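Chains A, B and C supply the protein sequences, listed in that same order. For what it's worth, the working numbering labels the leading residue of the first sequence as 1, then goes sequentially. For what it's worth, the working numbering labels the leading residue of the second sequence as 1, then goes sequentially. For what it's worth, the working numbering labels the leading residue of the third sequence as 1, then goes sequentially.
Hints listed in this document are in silico derivations from the structure and should not be mistaken for laboratory results. All values derive from a computational prediction rather than experimental measurement. Be aware that a few hints might be false.
Copies of the same chain are indistinguishable here, so a pair counts whether it falls within one copy or spans any two.
Cross-link-like lysine-lysine pairs, in silico, BS3-like; alpha carbons within 25 Å at most [claimed, not checked]:
#	residue 1	residue 2
1	Lys55	Lys185
2	Lys187	Lys137
3	Lys171	Lys213
4	Lys213	Lys154
5	Lys55	Lys154
6	Lys55	Lys171
7	Lys195	Lys171
8	Lys120	Lys143
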Amino acid sequence: MNISKIFQIFVPVDKKFFPLFEASAENLVQTAQKFRQLLLTTDSFDRMSVIRQVKELENRGDEFTHTIFNELSSTFITPFDREDIHALTSSLDDVVDYINGAAQRIEIFKPKEFSPEFIKMSDLLVEAATEIEIAVKELRNLKNPQKIIESCIKINSIENRADDVYHYKLKSLFETENDAIELIKRKEIIETLEKAIDKAEDVSDVLRTIIIKVA
Amino acid sequence: MNISKIFQIFVPVDKKFFPLFEASAENLVQTAQKFRQLLLTTDSFDRMSVIRQVKELENRGDEFTHTIFNELSSTFITPFDREDIHALTSSLDDVVDYINGAAQRIEIFKPKEFSPEFIKMSDLLVEAATEIEIAVKELRNLKNPQKIIESCIKINSIENRADDVYHYKLKSLFETENDAIELIKRKEIIETLEKAIDKAEDVSDVLRTIIIKVA
Amino acid sequence: MNISKIFQIFVPVDKKFFPLFEASAENLVQTAQKFRQLLLTTDSFDRMSVIRQVKELENRGDEFTHTIFNELSSTFITPFDREDIHALTSSLDDVVDYINGAAQRIEIFKPKEFSPEFIKMSDLLVEAATEIEIAVKELRNLKNPQKIIESCIKINSIENRADDVYHYKLKSLFETENDAIELIKRKEIIETLEKAIDKAEDVSDVLRTIIIKVA
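Please build the complete structure, drawing on both the sequences and the hints.
As structure tokens, then:
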């Protein structure tokens, strides 16, 4: 249906995008893991160091994003639609941005410790990032999208579980926290984590769009 | 201009998507109506039952979403661009998700009663859902998109009115509520409703994109 | 790769969209400038007048949006993909909507004065709007997209700086404001400004998509 498919029979597709997507997805996994480490770090000096590392991973992610955008401007035949390469790159960037946003809020609000729901959210974030990395590696093999579909289904289920954790935490926050400003601080952090997982689902939506087009 | 149009002259377009879109839109209308019923239910036992019904409608919506995604993977000729089928399905799902999110917050915060602005927001939500259902039923008749355009214009106007109600409620909340935590609870519910209506406008944007392509 | 490009060799492209995009971008610049003026206005009567002018600019923006949507329905050959015209128009509209949202919150919360971070955010908003206007004017000259790319890079950098200002303000708000309700009010205004700049980045993403397709 897509005229680019006809062209792609004759013209070799540029393969340089795949390593860049994979590097960006791997960077996302590292950011999510570093964030989980942050939640387990109680010493305030160690925390500052871990928060700085999350920020550095975000900067590294920005570099991958810019490199991919530059390649897009100079490459004629792409492995899939140009706008989907753009959307995939932006959505990977967004997840990392929100994880960094949550780390920044921890720096600002300096909570002494984290309840199990925060740890659970960071576990789900690592799981989602890992599924994204699996799916992104399968993009080289678009004619057999079964594994990508499986990862997307898992990411959707992770997002549903994160929603439940978020609602549960919201409930317990309002039941136990009587200091409004403390409540707002906790709510800010858990909300930013929930948005990070929403953005992971956006990555999954872009991946679905890509495989839907070649189906 | 679109090569898929040329193909569609010769190949019969698969018609199985329309009943699924319609079922999803009808499920959205039912969710909005059930939510309005929730706001009029004061007995706490009855409320729990209505909130559970909203949750069940959301689960039912998820099933339509998954069925449509599966059909997309196995169907060659679709009635309009595959990515737009995906976007329409996701955006319908989002509205239902936010209505359920508002119901969950009512379960968490247990407000004793609802001011007229909450009722008004739920009325606007039912109106928007009803226009979405009308427009989705007209997708079978894409060559004559006038009714879809009319529904989209109405949804835009509903969103503008919801914005005014939201700003008015925000104003009165801050004028009358001196307990910060109570204020946050009310603000959370009305904000989630406002986002649900924003998402209804996103459905309208997808519908516009679909008819714009075939114009 | 894009069949519309082949068609466009033979069929004259309709030029009436460019003045409309430019009018919408110019209206955005004026809205951002008017908002900056609002932050410098302390007299409450003058403020009401400036807030009303922001609202009028938003209404004017809505009219450009509707005119472009109507043109899209009646025009066969467009200067770039119909869905991108739609996305560009919607995203310009969104920025103006959020600026108006911030003005509405100032009307509701009536802060006596604005800290330097608010002024800084409004400066960044004017900068972003100005880059958008520059880029939109270059859309007439799509074969030479270098200036558009430069504006998009600048908008990305403005968004990063706005993020830093936002985090800094969040930090200082929680350090200095002990009244939870006052804190929520300030947070609401700065958050809405931050979202307006996020939406400016969405415009930049649409512009990138447009030039990526013709690359």
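Looking at the structure, which of the earlier hints fail to hold? 2, 3, 8
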